[in-house]
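Please put together the full structure from these sequences, using the hints given.
Line order of the protein sequences matches chains A and B. Going left to right, the first sequence walks through residues 1 to 112 as the working numbering numbers them. Going left to right, the second sequence walks through residues 1 to 116 as the working numbering numbers them.
Read the hints as simulated data drawn from the structure, not as lab findings. A hint or two may mislead.
[As the list claims (entries may be wrong)] Below, in silico cross-link-like pairs of lysine-lysine (DSS-like), each with a Cα-Cα straight-line distance of 27 Å or less:
no. : chain 1 : residue 1 : chain 2 : residue 2
1   : B       : LYS44     : B       : LYS15
2   : B       : LYS41     : A       : LYS104
3   : B       : LYS15     : A       : LYS69
Spelled out, the chains give:
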Amino acid sequence: LAKTTQPISMDSYEGQEVNITCSHNNIATNDYITWYQQFPSQGPRFIIQGYKTKVTNEVASLFIPADRKSSTLSLPRVSLSDTAVYYCLVGDYGGSQGNLIFGKGTKLSVKP
Amino acid sequence: EAGVTQFPSHSVIEKGQTVTLRCDPISGHDNLYWYRRVMGKEIKFLLHFVKESKQDESGMPNNRFLAERTGGTYSTLKVQPAELEDSGVYFCASSPTSGRALTEQFFGPGTRLTVL
Numbered sequence: 001l002a003k004t005t006q007p008i009s010m011d012s013y014e015g016q017e018v019n020i021t022c023s024h025n026n027i028a029t030n031d032y033i034t035w036y037q038q039f040p041s042q043g044p045r046f047i048i049q050g051y052k053t054k055v056t057n058e059v060a061s062l063f064i065p066a067d068r069k070s071s072t073l074s075l076p077r078v079s080l081s082d083t084a085v086y087y088c089l090v091g092d093y094g095g096s097q098g099n100l101i102f103g104k105g106t107k108l109s110v111k112p
Numbered sequence: 001e002a003g004v005t006q007f008p009s010h011s012v013i014e015k016g017q018t019v020t021l022r023c024d025p026i027s028g029h030d031n032l033y034w035y036r037r038v039m040g041k042e043i044k045f046l047l048h049f050v051k052e053s054k055q056d057e058s059g060m061p062n063n064r065f066l067a068e069r070t071g072g073t074y075s076t077l078k079v080q081p082a083e084l085e086d087s088g089v090y091f092c093a094s095s096p097t098s099g100r101a102l103t104e105q106f107f108g109p110g111t112r113l114t115v116l
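This is how it looks when you write it as structure tokens:
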């Protein structure tokens, strides 16, 4: 499974756009990129997944360049409730493999 | 729709005692997973059930841990005897199908286990 590197922490203010970049230089052809969000005292929550180019849903956008060696999670106009840890996961989770590999994540703090 | 539930939310036991954690997945989800985060460490995979069968138990730390999923519904994770290093938060997750959907796992709130 590809190793991921992401910033330990980030600070932002309400209303700003936040971009969290994850590096995954040894991503494999069959690997997908998935992001999870975790609030204090809760389990992780799936946010978004992509393979290449751009994916957007009601929560976030995921930008993946052509070489797929990195990805950027974009949170538009964050609010205080977006304060959480964000995990970037890379792997081929198809078939029977279901063991998600969590790294240290990025702790996002949104200030008023 | 009810989410993944876990019981108890907290458990404090002494070293050498036995503790059983329970997870109720989302109804209809065949896949059930256990993860844990020990103090200061990352969330680590323990095992994966497909219905009542253990699909992957490569993350189970040792034979003091026993997971079951009789009938393919709820699951239990028993730690016997508990050691100090077992303290942490135990998460359960479920997902409905195989394939790519495995990456969208629905997590419960976790059980915080403290071994004294």
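Cross-check of the supplied hints:
A threshold of 27 Å between alpha carbons decides the hint, and for LYS44 (chain B) with LYS15 (chain B) the separation of about 22 Å falls inside it, so the pair holds. With a C-alpha separation of about 8 Å, the suggested pairing of LYS41 (chain B) with LYS104 (chain A) holds against the 27 Å cut-off. Our distance criterion of 27 Å between C-alpha atoms is broken by LYS15 (chain B) and LYS69 (chain A), whose separation comes to about 45 Å.
The structure shown violates just one earlier hint, number 3.
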